[in-house]
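For the sequence shown, the positions run 1 to 781 when the numbering used here is used.
It should be emphasised that the hints constitute simulated quantities derived from the structure, not laboratory data.
Hints are supplied without guarantee of correctness; some may be wrong.
Quick list of simulated restraints, FRET-style, between CB atoms [what the hints assert, rightly or not]: (1) P339 / P407: 20 to 26 Å; (2) S516 / L24: 26 to 32 Å; (3) R477 / P615: 32 to 38 Å; (4) R147 / P225: 54 to 60 Å; (5) A535 / A185: 42 to 48 Å; (6) T38 / P93: 28 to 34 Å; (7) L104 / H68: 24 to 30 Å; (8) R32 / R95: 37 to 43 Å; (9) L24 / A336: 32 to 38 Å; (10) S516 / A379: 27 to 33 Å; (11) P294 / Q86: 34 to 40 Å.
A virtual CB, placed ideally from N, CA and C, is assigned to each residue, including glycine.
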Amino acid sequence: MFVAPAVHILAVRGPVLRGRARELTAIGQLLRRAAAGTGGVLLIEGDPGSGRSALLAHAARQAPGFTHLRAPGLPGEADLPYAALQRLPVPLPARRARTAEQRLRLCTAVFEALVARSRRGPVLCVVDDAELVDKPSLEVLGFVARRVAEHRIAVVFAGTHLPPVDGTTRRLAPLDTVTAADVLADHGLAGDLADALVGLAVGNPAALHDLVRGLTPAQRRGVEPPPAGLPAEGALPRAYRMRLRALPPATRRALLLVALEDGLDPAVLARLGGGALAAAERSGLLRGAGFAHPAAREVVCAEATLADRQRAHRTLARLLTGEAHKLRRLLHLAAATPPTDARLADEIERAAGSVVDCRVGSVALERAAELTPPDGPAAARRAAAARYAWLGGDPARARRLLARAGPAGALLAGEIALRGGTAGEALELLLAAADELATRRPDQAWRALVLAGEAVCLDGNHGRYREVLRRAALLRRAGCVDPVRSAQVVGLAAVMRGDHERARPALRSVLELSTSDPEVLTSAATAGLLLGDDAAAHRTLERAASLARSSGAVALLPRVLELRTFVEYWTGSYEAAAASARDGLDAARSCGQRAAAGNLVGLLALLAALRGDAPECMRWMRELRSGSHASRPRALVQWALAVLDLVAGRAADALRRLSTMADPASGSSTVLIHMTATPYLVEAAAAAGRCWPRAAPRSRWRSSSRRCGCTRPAAATSSAPARSCCSAATCAGPGTPATPARTCTGRRRASPWSTCRSGRHRRRRNCGRRASPATIRRRRA
Numbered sequence: 001m002f003v004a005p006a007v008h009i010l011a012v013r014g015p016v017l018r019g020r021a022r023e024l025t026a027i028g029q030l031l032r033r034a035a036a037g038t039g040g041v042l043l044i045e046g047d048p049g050s051g052r053s054a055l056l057a058h059a060a061r062q063a064p065g066f067t068h069l070r071a072p073g074l075p076g077e078a079d080l081p082y083a084a085l086q087r088l089p090v091p092l093p094a095r096r097a098r099t100a101e102q103r104l105r106l107c108t109a110v111f112e113a114l115v116a117r118s119r120r121g122p123v124l125c126v127v128d129d130a131e132l133v134d135k136p137s138l139e140v141l142g143f144v145a146r147r148v149a150e151h152r153i154a155v156v157f158a159g160t161h162l163p164p165v166d167g168t169t170r171r172l173a174p175l176d177t178v179t180a181a182d183v184l185a186d187h188g189l190a191g192d193l194a195d196a197l198v199g200l201a202v203g204n205p206a207a208l209h210d211l212v213r214g215l216t217p218a219q220r221r222g223v224e225p226p227p228a229g230l231p232a233e234g235a236l237p238r239a240y241r242m243r244l245r246a247l248p249p250a251t252r253r254a255l256l257l258v259a260l261e262d263g264l265d266p267a268v269l270a271r272l273g274g275g276a277l278a279a280a281e282r283s284g285l286l287r288g289a290g291f292a293h294p295a296a297r298e299v300v301c302a303e304a305t306l307a308d309r310q311r312a313h314r315t316l317a318r319l320l321t322g323e324a325h326k327l328r329r330l331l332h333l334a335a336a337t338p339p340t341d342a343r344l345a346d347e348i349e350r351a352a353g354s355v356v357d358c359r360v361g362s363v364a365l366e367r368a369a370e371l372t373p374p375d376g377p378a379a380a381r382r383a384a385a386a387r388y389a390w391l392g393g394d395p396a397r398a399r400r401l402l403a404r405a406g407p408a409g410a411l412l413a414g415e416i417a418l419r420g421g422t423a424g425e426a427l428e429l430l431l432a433a434a435d436e437l438a439t440r441r442p443d444q445a446w447r448a449l450v451l452a453g454e455a456v457c458l459d460g461n462h463g464r465y466r467e468v469l470r471r472a473a474l475l476r477r478a479g480c481v482d483p484v485r486s487a488q489v490v491g492l493a494a495v496m497r498g499d500h501e502r503a504r505p506a507l508r509s510v511l512e513l514s515t516s517d518p519e520v521l522t523s524a525a526t527a528g529l530l531l532g533d534d535a536a537a538h539r540t541l542e543r544a545a546s547l548a549r550s551s552g553a554v555a556l557l558p559r560v561l562e563l564r565t566f567v568e569y570w571t572g573s574y575e576a577a578a579a580s581a582r583d584g585l586d587a588a589r590s591c592g593q594r595a596a597a598g599n600l601v602g603l604l605a606l607l608a609a610l611r612g613d614a615p616e617c618m619r620w621m622r623e624l625r626s627g628s629h630a631s632r633p634r635a636l637v638q639w640a641l642a643v644l645d646l647v648a649g650r651a652a653d654a655l656r657r658l659s660t661m662a663d664p665a666s667g668s669s670t671v672l673i674h675m676t677a678t679p680y681l682v683e684a685a686a687a688a689g690r691c692w693p694r695a696a697p698r699s700r701w702r703s704s705s706r707r708c709g710c711t712r713p714a715a716a717t718s719s720a721p722a723r724s725c726c727s728a729a730t731c732a733g734p735g736t737p738a739t740p741a742r743t744c745t746g747r748r749r750a751s752p753w754s755t756c757r758s759g760r761h762r763r764r765r766n767c768g769r770r771a772s773p774a775t776i777r778r779r780r781a
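Can you build the whole structure from these sequences, using the hints too?
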């Protein structure tokens, strides 16, 4: 009996294939079994550009002792019988085998030829782009693959659609954002540029490499903005272009209709010739009811002539009937009309007012602006389109539209800076927008002032809130009063002064309002959080999140989920808080909101510290990329480090951090965080043998002592310097006389789990859902 020499599978180094560990393992196992005498089949299914060819190249590198056979499919040879088989060293018939007997003889002859080669050494046969292989060749290759189990033959098929062959199947999923960022890091790219490229690539490895190769030196340095799309001559668009050109004209016309109308009704598609689209799905351009990748849609539109596109728009306008499709019908009519049409622009604007999808509304209003005559409200329509784009999670599109909107987009520019830039920059923009809107749009001026107040809180420079109050007073004197937003401004000002008796009715009026606007609901939840009404705040935030998702206003989600994290933290639901923070972080990153992402990373660091997980806490801190200069992330980091200090028994270090964090002069003093972190200041002060009001700045102590019903510190005597300590024993809740404050020497351990927010008592001492830092320390010991 013939015994073939042993073949070793080498771990040959090659390009790093990130995100494909399962597939690499399957290739290694297949090759080892084939070398040992047990053949097999591996089927790698994936869209164009997903890394199929790279995996086949990896298989070839790992098997230097194998005989390598390749039978790739090519777009121009899909209808040529035996075109793929002709690349293999096997016998081919003089004419096409037509009867079943003739086909069987051919399949047997090819199989025996490969078996004969496997006796001299193992064979690796790879079939790339299997969906483009001609049918007779694919029939023969499938016959061979079903019979290799007892021979030293490994067969690997790769493509969007694979033959019906038993074997190990691996579906190549898109790369996740972390893996895609790692791919770009291999090319020396990181930061905002990498984030933009990850969003454009949509998890496709070929798209990532196309984008990297297409970068200019100025884009790499950050001098020029990142690209808005894939380079037209990149490998991925080129692959789609070749596949598109190989399709029949009827399929290309149907594809153009799908490209110009998202979510086309299946019934409409059937009328357009659903059978024609089956070829596009087999070629990898379509996946299900949509395109496999945005680049495929772009290629289909780019390959069509202007006349073809206008004809397709008119066809879609005729097909989309009924009131539900009014806006889409108008947009298709607009795409096939001359540059300006005031009547059509007005119709589109009216129809866009009732749309619930922010992205659709942005496209509609931008088109209405393009159709508006020079003396019409084009700037206002671009500003409205920019706001829809911002709410829909597309800040790049929003900024592009704002650049042509002029002063009409000043308020939105400030809001984008608040979420995606720095609070200081946002404050200047929002105050300027309030001044500009005061006379012509006072309702929007009030909204600008509310956002400016949020910018003051995030910046930590509370003295600048006087500028908000001065403008609010001017609006009131002019008779322009917005009851809800005016109450927000007044309530936050009272909280900053520590005047919680005045803050409570103003904030309560905001919390109890009835609205379906997710932005206003978020403000109401903020009021509930400051009031200490956690249940109402949580209900309001749940409704705000649901409305934001249903309307496509995803840009509101990071703020909503950040506040929900605070509520769940305060109620002791740490796991739920961490889940909300992670969801908010994903939303913030997808919407390009760097400032919101920094806040949520800081919260995740804090929650890890509360669990006593120092490595996880430090990992989140490192994600802030050498530290955020924004006030809130800096405060959250200091708070997290203070918790770790308390867990490790370093009470004096924790007290120093928390006292500095609560000091307005530090620039990291934010109202919400100060009020939430007060129990830890009590814990640190008590553990360090100091009285907590003396450990914090006087203005901060005054604010907290009013919430807890404390008296002023007792005067020190020469014999015993008595000090007043705030504890739950001094506060029995709203409307109940406070017990006289007790004096102590500062050595009695105060309970940090009893405090109040805005005059509302919150008893934490016996709450089983919260573990104090001291408890965490004991558990770890």
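Hint check:
1. P339 / P407: 20 to 26 Å: Distance hint for P339, P407 holds at roughly 25 Å.
2. S516 / L24: 26 to 32 Å: The hinted range 26 to 32 Å is violated for S516 and L24, with Cβ atoms some 51 Å apart.
3. R477 / P615: 32 to 38 Å: violated, 56 Å
4. R147 / P225: 54 to 60 Å: holds, 56 Å
5. A535 / A185: 42 to 48 Å: holds, 44 Å
6. T38 / P93: 28 to 34 Å: holds, 31 Å
7. L104 / H68: 24 to 30 Å: holds, 27 Å
8. R32 / R95: 37 to 43 Å: holds, 41 Å
9. L24 / A336: 32 to 38 Å: Once the Cβ atoms are compared, 50 Å apart, the range 32 to 38 Å for A336 and L24 is violated.
10. S516 / A379: 27 to 33 Å: 29 Å Cβ-Cβ, so the 27 to 33 Å window holds.
11. P294 / Q86: 34 to 40 Å: Taking Cβ atoms as reference, P294 and Q86 lie about 36 Å apart, which means the hint holds.
Comparing the model with each numbered hint stated earlier shows that hints 2, 3 and 9 do not hold.
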